[in-house]
Amino acid sequence: MSKQIDLLQGTLDMLILKAVSLGPLHGYGVLLRIQQISKDRLEIQQGSLYPALYRLQHNGLLASEWGESENKRKARYYRLTPAGRKQLQEETRYWNRMAETIAVVLNTAPEEL
Amino acid sequence: MKFIARLRSWLRSVSRRPSVEQEMDSELRFHIESYCEDLVRSGVASQEAKRRAQLEFGSVEARKDECRDVLGLRLIYELAADLRYAFRMLRQSPGFTAVAVLSLALGIGANTAIFTLMETALWKTIPVKNPGQLRLFSWVSGRHTVMDSLDGDVSSTPMGATTSTSFSYAVFKAMQRQNTTFQSVFAFKPIWGVTGVLRGQARLVSGELVSGNYYQSLGLVPIVGRPIMPMDDAKPDAGAVAVISDAFWSREFGRDPAAIGTKIELNQFPVTIVGINPPSFHGMETGGNPDVFFPLSMQPLILPDDSAKNGSLLNDPDYWWLLIMGRLDPGVNEEKAQAALDLVLTHTVRDTLPNKVKRAQPRLRLTTGSRGLDELRSQFRKPLLVLMALVGLVLLIACANLANLLLSRATARQREISVRLALGAGRWRISRQLLTEGLLLAGIGGAAGIVAGDGLRNAIPRLLVDSWMPNQLEAQFDLPVLLLSIGITLLTGILFSLAPAWQSARVEINAALKDGMRATMSLPKLITGKALIILQVCLSVLLLVGAGLFIRTLANLRSTDLGFNPARVLLFMLDPPNTRYKGEQAATLFERIHEKIAVIPGVQSASLSRAALVANNRSTTSVSPKGFESRLEKEQPAWMNIVDPAFFRTFEIPILYGRSFNAHDRSNSPRVAVVNQEFAREFFPNANPLGKLFGNDTDYKIVGVCGNAKYSDIRDQVPPTFYLPYTQIPNLGPMTFEVKMAAAQSGIVKAIREAVRSVDKDLPVFGVRTQTEQIDSTISNERAFAALSSGLGLLALVLACIGIYGVMAYAVARRTNEIGIRMALGAQSGQVLRMILRESLLLAAAGIAIGMVAAAGLTRYVAAMLYGLKPYDPITITGTVLVMLGVALFAAWWPARGASRVDPMAALRNE
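Chains as they are written, first to last, in my numbering: chain A, 1 to 113; chain B, 1 to 911.
It should be emphasised that the hints constitute simulated quantities derived from the structure, not laboratory data. Some clues are possibly wrong.
In silico PhoX-like cross-links for lysine-lysine, where the CA-CA straight-line distance does not exceed 25 Å [as the list claims (entries may be wrong)]:
(1) Lys50(B) with Lys18(A)
(2) Lys18(A) with Lys235(B)
(3) Lys761(B) with Lys86(A)
(4) Lys74(A) with Lys750(B)
(5) Lys72(A) with Lys50(B)
(6) Lys50(B) with Lys74(A)
(7) Lys235(B) with Lys263(B)
(8) Lys356(B) with Lys596(B)
(9) Lys596(B) with Lys358(B)
Stretch-level coverage of chain B by chain A, calculated; a stretch enters the list once three of its residues show a Cβ under 8 Å from a Cβ in chain A [stated by the list, open to error]:
(10) 370-376
(11) 418-426
(12) 587-594
By construction, the Cβ of each residue, glycine as well, lies at the ideal position given by its N, Cα and C atoms.
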């Protein structure tokens, strides 16, 4: 449990967009993909995934259609819309800048001041 | 971008709710099942896998709610749930629902009806192309005007100047010719009545004389046939054509297109019908609906004027009668347009009336023409405003009443609300639920009200308009009215559910739950309830005072001494066209008809007069007694009526001295007059008027003095009046016949029509009514006010009764314990009874006091509509106070009696 990191507020949307950007996925697939990429280090509330998916679709960042899953069942597949792709790029850029800045701040040694 | 995506998603979700729900469900189930399968695959037992999958996913329903929230569906679901719940609540208390819906339906219905009438009478524009561009021409002048004859609307400005909308034909032609700022200038003149003969049948038709460019300028296209065109009006008698109204087409032709080409005789002159107006167009005069429209060039032939050369008003620059309108070019400065036309007017007056340069010159004014010739506005503005105020009050009372009822219901539901709050419902959510209930109630009441209003809008004009005249105030129920009604409904709904909603949101959960029933009877709620009762009583007092004043006014008018006996007198009118009866021929015609009518069985006496009595007709002229050195100084206005010898007998007006007229008063005998007492007192004080002469151009010898009788209006004092025999007057014009019957008879009208037909088969009988109906019509406003205000007052009383009962019953329930203790300590049941009644009376007294102050401020606005009493009429005020106190006592009686019968033991054990 200790190796897992609690998800920061607002980052779930970004992770979903990233996961879906690698190829259309159903909701359960999004969960698996995030766990797979993060090597199980991110803790995601399974239920909270769906309101987030609905919100992204509601805002036009995701689109969805029904298809057949690997276990031969009907499942809803999400894919990125052009607006979603743009949003992911922007958020990635923003996140990297912030992470960089915070890293700089945190790594500052007293003698550097 | 995002907004559009959201909107599209929302619309999709709302419109396809079942499939969205189903998809959501299968999507979540798919997730849990997939996870479960994965767990099983990794070696977990199937039961345990299912349990863990569900546990880790969390509450499916909560997640679904979140998803719905994201899609914006939650609002809809909650609204639907609220509505369902509200419906159930209303069904559970049918008594409450019935009172609420009924009072709202009446309140909203009355408002809708009055607004419909106001829209028609005050705001609606005429149905032509761009009515906003139309301007009606008028002029202002000093008192000594250039024209000697003026026919039309004339009024005095507050500064003493004369203003009118009538012009001479010469002025119209000059303006049309020299116009630079208007797209077009056109003219018209409503004609009150001409005799129309169609297929050998005579009837009175109304008409409008129009210039050749009238249709073209208004952008008016007949639904069948062609309009009147400039060529019809090009030269005198150019076009013997007419366009008829849609109503006339329906009435006379049954909408048969063969009407086009039919000939109709107008005052004996045949014209051809060439077109039919659209049904929405009712001529230029609001409230009118002329049957036939014919070109101005027809005037000398159809409506010759005896005073003008060849009967033509078109050549007479001294006769001002024509109404002129222009269509302003968009973008033209109105002041410039007015100045330009003013110049034309000045030049034309100088050129056509060269010997009048010393008189006051008229200056041109432009007024709005979007409502045509606005007659309705001046006639109905004030009565409608008063009615609007009355029905507004009723709606407010209904609101206050409902707020009170809802408040006590909210109290009864306090526990339910507390439980819901305790379970986590938001306060806003609870308030919203109560608002939804209020709006639902308002919606049902409003829908019923709109239906009721549609019925009332036809009933109210019937109270205001003369029964034998065509309906002037024809109101249509249209979109603005519907929107307003819906607006009123929403507003009232919010208004009366605001107090309960607000109060419920402030409930202290713990206290309410802990103390159960007792804590629910909170004090602030009772205070709000009492304040609402005071407001309700106060508004009811306003209505009652209004009702009292109007009822007393009507009673005063009804009991006025008329000076004549109107009972069993039937009136009808004849207007022999002067194309057929010239000069003294009219008098001869009337004499022959009179003879025929006098011998109809059952007729006691028949007579005729120029002005019907109490019909707002008047003819005044300045006269002076002969034999004074300076006659001008003695000159005073007197009222004149032209009558026949039997007039005084028909109306039982006593001849006090001298004689009435007789068969010897002919056109070749000395001119004689009968005067009333007031005339004798005014012109011959302290002298015997018999045999004296008076007059202006002509002198009349007084042969008799009759009793005072009301002339044109029962509200006026009896004016100095003189009567002349019609046999001595040429060019009589329309006359009213009066037929006194031995007993009320139904067949008499038929006999009269036959009598007239036997003399002239083309002479229509019109304006048939009894003298009593005639008098009633002049007090129709008062009658409408009295009827409506007393009806509304009664409604207000019933509502006040319900309100007081509700609050007092609530107060008694709240104080059951206290009353029990009082009685245990020895209070008598009579004392308890009095205590409760006193409380109710105090509430009523407070409301009455405030209401009276408000009434004192408001009633002066209706002072001009009262007759024989002041706005602060002691009888009305006393009556209102007594009635209101009586209602308060009555309404509080049942709760008070309940309180006086409280069993102390039971009440105390209740604690």
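Results for each hint:
Straight-line distance between C-alpha atoms of lysine 50(B) and lysine 18(A) comes to about 30 Å, which puts the hinted pair past the 25 Å bound. For the hint linking lysine 18(A) to lysine 235(B), the alpha-carbon distance of about 89 Å lies beyond 25 Å, and the restraint is violated. Proposed proximity of lysine 761(B) and lysine 86(A) is contradicted: the alpha carbons are some 93 Å apart, above 25 Å. As the CA atoms of lysine 74(A) and lysine 750(B) are separated by approximately 88 Å, the hinted pair breaks the 25 Å bound.
Restraint check: the Cα-Cα separation between lysine 72(A) and lysine 50(B) comes to about 20 Å, which is no more than 25 Å; the hinted pair holds. Restraint check: the Cα-Cα separation between lysine 50(B) and lysine 74(A) comes to about 20 Å, which is no more than 25 Å; the hinted pair holds. Of the supplied pair hints, the one linking lysine 235(B) and lysine 263(B) holds, its CA atoms being roughly 21 Å apart against a limit of 25 Å. At most 25 Å may separate the alpha-carbon atoms for a hinted pair to count; lysine 356(B) and lysine 596(B) exceed this at roughly 49 Å.
Taken as a hint, the lysine 596(B) and lysine 358(B) pair is broken in the structure, with Cα atoms around 53 Å apart against an allowance of 25 Å. Counting residues of the stretch 370-376 of chain B whose beta-carbon sits less than 8 Å from any beta-carbon of chain A gives 0, not enough to reach three: the coverage restraint is violated. Remark: the stretch 418-426 of chain B is not confirmed as covered by chain A, as 0 of its residues place a Cβ nearer than 8 Å to a Cβ of that chain, below the required three. With 0 residues having a Cβ less than 8 Å from any Cβ of chain A, the stretch 587-594 of chain B misses the three-residue criterion, and the hint is violated.
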